[in-house]
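Top to bottom, those sequences are chains C and H. Following UniProt numbering, the numbering of the first sequence begins with 1 at its first residue and continues without gaps. Following UniProt numbering, the numbering of the second sequence begins with 1 at its first residue and continues without gaps.
Hints may contain errors.
A pair counts as met if it fits within one copy or between any two copies, since identical chains are not told apart.
The calculated DSS-like cross-link candidates involving lysine-lysine, where the alpha carbons are at most 30 Å apart (straight line), are [what the hints assert, rightly or not]:
1. Lys249 x Lys96
2. Lys116 x Lys188
3. Lys338 x Lys317
4. Lys4 x Lys99
5. Lys338 x Lys116
6. Lys29 x Lys4
7. Lys15 x Lys91
8. Lys166 x Lys249
9. Lys60 x Lys4
10. Lys4 x Lys91
11. Lys60 x Lys29
12. Lys166 x Lys15
13. Lys188 x Lys317
14. Lys4 x Lys249
15. Lys195 x Lys91
16. Lys104 x Lys91
17. Lys338 x Lys4
None of these hints come from the bench; they were simulated from the model.
Protein chains: 2
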Amino acid sequence: MTEKTTAELEQLRDKIDEVDQQLLDLIRKRLDLVARVGVVKHGAGLPIYAPQREANMLAKRRTEASDMGIPPQLIEDILRRLMRESYLNEKDMGFKQVKTDLGKVVIIGGEGALGKLFGQMLTLSGYQVHSLDKDDWQQADSILDGVGLVLVSVPIRLTCELIRDKLGNLPEHCILADLTSVKEAPLKAMLETHKGPVVGLHPMFGPDVGSLAKQVVVVCEGRQPEACEWLLEQIGIWGARVVQASADKHDEAMQLVQAMRHFSTFVYGLNLCREQADIASLLQFSSPIYRLELAMVGRLFAQSPELYADIIFAQDKSQQAIGDYLDNYANALELLRKGDRETFMQWFAEVSQWFGDFAPQFRNESRAMLQSVNDMKPAH
Amino acid sequence: MTEKTTAELEQLRDKIDEVDQQLLDLIRKRLDLVARVGVVKHGAGLPIYAPQREANMLAKRRTEASDMGIPPQLIEDILRRLMRESYLNEKDMGFKQVKTDLGKVVIIGGEGALGKLFGQMLTLSGYQVHSLDKDDWQQADSILDGVGLVLVSVPIRLTCELIRDKLGNLPEHCILADLTSVKEAPLKAMLETHKGPVVGLHPMFGPDVGSLAKQVVVVCEGRQPEACEWLLEQIGIWGARVVQASADKHDEAMQLVQAMRHFSTFVYGLNLCREQADIASLLQFSSPIYRLELAMVGRLFAQSPELYADIIFAQDKSQQAIGDYLDNYANALELLRKGDRETFMQWFAEVSQWFGDFAPQFRNESRAMLQSVNDMKPAH
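One chain only, chain C, in its complex shape (with noise of 0.2 Å):
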């Protein structure tokens, strides 16, 4: 590098870092003022997450980066990060409380992980809460004293169980609602048990988001809806969406969903640990898109045995899909031995067929998620 090459390239990065030290200074800014908004919107009982005003705001700077020679990507990817940052400091302000005279909340399986974070949320939002865990059950009539919600957190194989044998004596006007990730059973067990209102919820996510904000509650109706409405608000509030299902429906799409999907993953590290694949030298190899995947199966072996043979042993429904898979795969296996190229693709554009605009449309979301991934990558 020559002398001059060095001073010039000195000189352009003191000035990058002059325009990176005043980024940080905006940004400092526009998190206050959104926080500002914030306290605004608690006091008056508005959900901190409006989707037609944002999808409004980034519509606005879209045009206005176009017209300046920005891609008007790059600015809404920005701006939707600083939102996250902002989702997330809104928690620390406290939510409105929908529900002013609820008297107490018991979550049962309090100390789990997702009984944890609604329990936060809850208490962010003024309810008193109290948890009632595996050794309280002795106190069980003093914590349920003047209970206005029990919030159900166990594991799956223990919900109903639990539901029959401690919960017939709850105050007929509380609110019995359940967060299991099945909810035909637990839901008539509700129903049978208890005399009041009765809703089924299930939480779309995992108890390591940082917010709320835009992720969906699965709703499914028990007895008395009109007197659960200002839980679903509250719900709303905390920023995610109210999506309400009939339970069987919900049931046979968490077959393929959840049961399906954890079960094949699960396949897929057992498949890798029994080849005793190099693990590093794969990663050496891997594509972003590679890297993704590996990424979601490591994900599964990092969390606990017992959830994932709940979620997959719960329902004797999934056994059926997950046996039509088995097959799928000898089927198409076979295919491989014999060399049969051509039924291959025949298969395959039938599927693609199937998935009709959907895959296009995949196509997209995946582009743009394996392109921040690759920002993601560290300095090798």
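Fit chain H to the known structure of chain C by using the hints.
Leaving out everything else, chain H in the frame of chain C:
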């Protein structure tokens, strides 16, 4: 909403608009400054991607952010997103030409997507690039006249035959290289057919990457590596990382990374299709992780059946790996049918242990990815 609340929100939002306007100005400024760095680097023939400098710069910004009460990850994510844009822009400027007396580059299959990308990169670096496709073989002699590098980029199933049939008469100083995703057979074919320098390349990315910055190209040495050195240097200048590997080790890893993974993704899509799953309702119930996984499956079916048939049918050895997976799947299903939770959890623990430190690492990585997937979620 009271009038006071409305007015307060209005005022704050105006201020946020102002901040965003300044943000756009700064982005424009930063992109321009980095472009000027690019011009200087281009003139001096320096690579566009300097990992160590990037790491230092990010570390400095993180510290500055911390001092201002800004989460360090926030500024890192924003700067990485900005750098991606700058890498993309750097392409427009062209690249330093490492070998100025090469003569022609001929890309066989230059009309295919990957051939086109390499043709574009070589042209941007000042080389004289010609494409030789299916219909051009009658003019092959004139196209290949004065050639210094032949790059083979045709479907896997045609690669070896094409090399043996058509490339026996290249000038002895000419480099023969290929871009195939398997390496042993093509390398053998090239070495047997051509007496001069030979090198096998496997670009670990799809043709839809916007920039080669941070991407990986696997290099398998063939003959006269010193004559091929400029080519690897050239690839480095485009921003990619060159990973040296032996052809057999590469192919072995690829059986697990590519053939195996693509095959099981194929079966997953086939299974959804045969079960007549309702994608729209699956999406409605989907957590970010499942949406991401579904997008990865759908992505495959937005692409060419031939491409995937080629990858999956290319290696006889991958049948073994794909068959082993079937056995592991059948064994795990047996556990499910017997309701044997205990053994399931035992296997789970075994795999977790085998993943070792990679499991929590993957968990953290995937959490970051899932957060950006969630950021991207449009208003509903």
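These are the hints, each one checked on the structure:
no., hint, result
1, Lys249 x Lys96, "neither (32 Å within a copy, 59 Å between copies)"
2, Lys116 x Lys188, "within (25 Å within a copy, 60 Å between copies)"
3, Lys338 x Lys317, "between (33 Å within a copy, 14 Å between copies)"
4, Lys4 x Lys99, "between (69 Å within a copy, 24 Å between copies)"
5, Lys338 x Lys116, "neither (54 Å within a copy, 34 Å between copies)"
6, Lys29 x Lys4, "between (38 Å within a copy, 23 Å between copies)"
7, Lys15 x Lys91, "between (37 Å within a copy, 22 Å between copies)"
8, Lys166 x Lys249, "within (28 Å within a copy, 59 Å between copies)"
9, Lys60 x Lys4, "between (43 Å within a copy, 25 Å between copies)"
10, Lys4 x Lys91, "between (52 Å within a copy, 24 Å between copies)"
11, Lys60 x Lys29, "both (20 Å within a copy, 20 Å between copies)"
12, Lys166 x Lys15, "neither (67 Å within a copy, 54 Å between copies)"
13, Lys188 x Lys317, "within (17 Å within a copy, 51 Å between copies)"
14, Lys4 x Lys249, "neither (69 Å within a copy, 45 Å between copies)"
15, Lys195 x Lys91, "neither (34 Å within a copy, 68 Å between copies)"
16, Lys104 x Lys91, "within (21 Å within a copy, 62 Å between copies)"
17, Lys338 x Lys4, "neither (65 Å within a copy, 75 Å between copies)"
Hint compliance for this structure: hints 1, 5, 12, 14, 15 and 17 are broken, all remaining hints hold.
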